[in-house]
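A.B. asks: Residue numbers (the working numbering), protein chains in the order written: chain A, 1 to 218; chain B, 1 to 356.
If you are wondering where the hints come from, they were derived from the structure by calculation, not from laboratory data. Quick reminder that beta carbons are idealized off the backbone N, C-alpha and C, glycines included. Check before you lean on any hint, since a few could be wrong.
What the hints assert, rightly or not - Once the Cα atoms are required to be at most 25 angstroms apart in a straight line, the calculated SDA-like pairs of lysine to any residue come out as:
| hint | chain 1 | residue 1 | chain 2 | residue 2 |
| --- | --- | --- | --- | --- |
| 1 | B | Lys7 | A | Arg36 |
| 2 | A | Lys41 | B | Thr53 |
| 3 | B | Lys7 | A | Arg117 |
| 4 | A | Lys41 | B | Phe52 |
| 5 | B | Lys157 | A | Ser118 |
| 6 | A | Lys41 | B | Phe10 |
| 7 | B | Lys157 | A | Tyr119 |
| 8 | B | Lys7 | A | Glu37 |
| 9 | B | Lys7 | A | Phe38 |
| 10 | B | Lys157 | A | Leu133 |
| 11 | A | Lys41 | B | Ala77 |
| 12 | B | Lys7 | A | Arg121 |
| 13 | B | Lys157 | A | Arg132 |
| 14 | B | Lys157 | A | Arg117 |
| 15 | B | Lys7 | A | Ser118 |
To be verified - Between beta-carbon pairs, the in silico distance windows are:
| hint | chain 1 | residue 1 | chain 2 | residue 2 | range |
| --- | --- | --- | --- | --- | --- |
| 16 | B | Pro14 | A | Pro39 | 22 to 28 angstroms |
| 17 | A | Glu113 | B | Glu57 | 29 to 35 angstroms |
| 18 | B | Pro333 | A | Glu113 | 55 to 61 angstroms |
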Amino acid sequence: MQIDWFPLWLSLRVAVLSTALALVAGLWIAYILANREFPGKEALDAAVTLPLVLPPTVLGYYLLVLLGRSSPVGKVWEAVFGSPLVFTWKAAVIAALLHSFPLLVKSARAAFESVDRSYERAARTLGASELRLFWRVTLPLARRSIFAAAALAFARSLGEFGVTLMVAGNIPGRTQTVAVAIYDAVESGNGSLARVLVVVVSAMALVILTLANRLEPR
Amino acid sequence: MIQARLKKTFPARPDSAGFSLDVDFHAASGVTVLFGPSGSGKTLVLDCIAGFTRPEEGRVLLDDDILFDGAAGVHLAPQARYCGYVFQNYALFPHMTLRENLEFAAERIPRLERHRRVNEMLERFHLTDAAGRRPHAVSGGQRQRCSIARALIGAPKLLLFDEPTQGLDVPLRAELYEVLRQVRADFKTPVLLVTHDLDECFELGEEMLILREGRIVQTGTPRKILDRPANLDVARLLGAFNLLPGEIRALDPGRNTSRVQVGEFELSGPYFPGKLKGDRVTVCVRPEELRVSPREGRPGPNQIPAELQRTIEKPQWIRLEFSGGIAVDLPRPEYERQRHNTSWTIEFPPDSLRAL
Chain A
1 MQIDWFPLWL SLRVAVLSTA LALVAGLWIA YILANREFPG KEALDAAVTL
51 PLVLPPTVLG YYLLVLLGRS SPVGKVWEAV FGSPLVFTWK AAVIAALLHS
101 FPLLVKSARA AFESVDRSYE RAARTLGASE LRLFWRVTLP LARRSIFAAA
151 ALAFARSLGE FGVTLMVAGN IPGRTQTVAV AIYDAVESGN GSLARVLVVV
201 VSAMALVILT LANRLEPR
Chain B
1 MIQARLKKTF PARPDSAGFS LDVDFHAASG VTVLFGPSGS GKTLVLDCIA
51 GFTRPEEGRV LLDDDILFDG AAGVHLAPQA RYCGYVFQNY ALFPHMTLRE
101 NLEFAAERIP RLERHRRVNE MLERFHLTDA AGRRPHAVSG GQRQRCSIAR
151 ALIGAPKLLL FDEPTQGLDV PLRAELYEVL RQVRADFKTP VLLVTHDLDE
201 CFELGEEMLI LREGRIVQTG TPRKILDRPA NLDVARLLGA FNLLPGEIRA
251 LDPGRNTSRV QVGEFELSGP YFPGKLKGDR VTVCVRPEEL RVSPREGRPG
301 PNQIPAELQR TIEKPQWIRL EFSGGIAVDL PRPEYERQRH NTSWTIEFPP
351 DSLRAL
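Extracted from the complex, chain A is given alone in its bound form (with noise of 0.2 angstroms):
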């Protein structure tokens, strides 16, 4: 039987992608909401989370209208870059941030909450700037955990499927998941390939699983 594994490798990319992403955004807005006191803040954290419990459908809508060939958003990207962002495995990614952004802000807030504030204030004392006390101490004392909620986070963008779908589409070749590849084979009969997908998809995300509690400080 000849399988395409390009909807494995496609999602891969997708999910690494999406993954530093939500890292370099995440951490961010992690650290200020387990740090700092700021009218707004029940906000942002009700805005971080919300992705985690809209369904699906309900996101990629908004992200369609958000980011739709008719939005100024796309028709700046489509100025920019000469081509639609919508259908695209870029939109791929994008999906894959919105699912697995909540989950890692979440964790890595723990993380950082979970450093011992004595730490913080001893540098504080002896003249560490926050940038520095944020680089040398925090994110250090906080990494395992930080690593665990990446890989959790990577995880998750793995198996994006209902986002994906609306704002990537299911187009063989180019913008096809490997949960999307899944769903199509079982839609078409063609049960080999599903099960091949279905065991492979598994085996990766007990890998991750099991990385992600061997990270996770004790």
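Model the placement of chain B on the given structure of chain A, informed by the hints.
C.D. replies: For chain B alone, coordinates are given in the frame of chain A:
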């Protein structure tokens, strides 16, 4: 020289009683001990000075720098205050070696000098051999010394200690006292130390501030405070007194004498300024100032017969607890001489009596 006037209130909540801090004190060079029971606001005072907590009102002056001024809206960040802080758990960065901990703190020292300073501090605090190890892999004493060295390396203008001997065993405590004496001699950095251990005040403190429920109730040298507790609260906090209810029968300022009724006995004491005849007072006597003897016939002047209820062995002395709640501390040889007494009288030397 640190001058601090601080006010901060925490309103009562369903799960916690309210608390208000209102203190005004200054501390010059040397070691100043902030003594008080847990919940008296000691650590809050340190946190306000270090800049972790913002008071509502007041002013904190360190040498000529204003660290905090409520009225002017000045509230410097901890980074800008140059206050070293030694935390109760030391707060050494667990992911750095002892050397890296010092290097982290030496960032403000010019680059060329930094390396030399770090080595100098490692040597001075006997940490050179352990410099390459992480905090969890060194002894408690080394952790302690490293945390002090780290706080000192940036040449702070004030060193703050939060209950440094809490939970330490006796040798480690003695070691800390030794290190602190060394620091006092070598660095001239004024130290403000928080504790609820009276021994520590005597070991280290040149000046003592007693804090109770957010207010300073007495200041002075530890010796002076123990000799003359300002009021009953202070005497209770120090925990080193017999406190007996009494009534003043006579006062004679001319001859510096007084008569006080305690239970069914009348004792003579010194003149008590500010007290009047007939005042109900608490007679306050230290256990080691009392004397005991076997009871023979009628009790003599200033003697009270009492039943021995319990003896408690301490390393340096024996505490005898008598009926009426009177405790007497005897040196061991003295106790050995008298241990076979069948009945006792307690003698109150007139000078030992205080009336609060």
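A.B. asks: Now tell me, hint by hint, if it's right for this structure.
C.D. replies: Cross-check of the supplied hints:
Taking the CA atoms of lysine 7 of chain B and arginine 36 of chain A, the gap is about 23 angstroms. The hint holds against a cut of 25 angstroms. Taken as a hint, the lysine 41 of chain A and threonine 53 of chain B pair is honoured in the structure, with Cα atoms around 20 angstroms apart against an allowance of 25 angstroms. Under the criterion of a C-alpha separation no larger than 25 angstroms, the hint pairing lysine 7 of chain B with arginine 117 of chain A is consistent with the structure, at around 24 angstroms. A C-alpha spacing of about 21 angstroms is found between lysine 41 of chain A and phenylalanine 52 of chain B, which places the hinted pair at or below 25 angstroms, so the restraint holds.
Taking the CA atoms of lysine 157 of chain B and serine 118 of chain A, the gap is near 20 angstroms; set against the 25 angstroms cutoff, the hint holds. With a C-alpha separation of about 23 angstroms, the suggested pairing of lysine 41 of chain A with phenylalanine 10 of chain B holds against the 25 angstroms cut-off. Between the alpha carbons of lysine 157 of chain B and tyrosine 119 of chain A the distance comes to roughly 21 angstroms, so the proposed pair stays at or under 25 angstroms and holds. Using a Cα cut-off of 25 angstroms, the hinted pair lysine 7 of chain B and glutamate 37 of chain A holds, with the two alpha carbons roughly 22 angstroms apart.
For the proposed pair lysine 7 of chain B and phenylalanine 38 of chain A, the alpha carbon gap of about 23 angstroms is at most 25 angstroms, so the pair holds. This hinted pair checks out: lysine 157 of chain B and leucine 133 of chain A have alpha carbons roughly 22 angstroms apart, not beyond 25 angstroms. The straight-line distance between the Cα atoms of lysine 41 of chain A and alanine 77 of chain B is roughly 22 angstroms, inside the 25 angstroms bound, and the hint therefore holds. For the hint pairing lysine 7 of chain B with arginine 121 of chain A, the CA-to-CA distance comes to about 22 angstroms; that is within 25 angstroms, so the pair holds.
The straight-line distance between the Cα atoms of lysine 157 of chain B and arginine 132 of chain A is roughly 23 angstroms, inside the 25 angstroms bound, and the hint therefore holds. Our distance criterion of 25 angstroms between C-alpha atoms is met by lysine 157 of chain B and arginine 117 of chain A, whose separation comes to about 23 angstroms. Of the pairs offered as hints, the one joining lysine 7 of chain B and serine 118 of chain A holds, with about 23 angstroms between alpha carbons and a cut-off of 25 angstroms not exceeded. At roughly 25 angstroms, the beta-carbon separation of proline 14 of chain B and proline 39 of chain A lies within the given 22 to 28 angstroms, and the hint holds.
Checking the proposed 29 to 35 angstroms range against glutamate 113 of chain A and glutamate 57 of chain B shows it holds: the Cβ atoms sit about 30 angstroms from each other. Distance hint for proline 333 of chain B and glutamate 113 of chain A: a CB-CB separation of about 59 angstroms, consistent with the stated range 55 to 61 angstroms.
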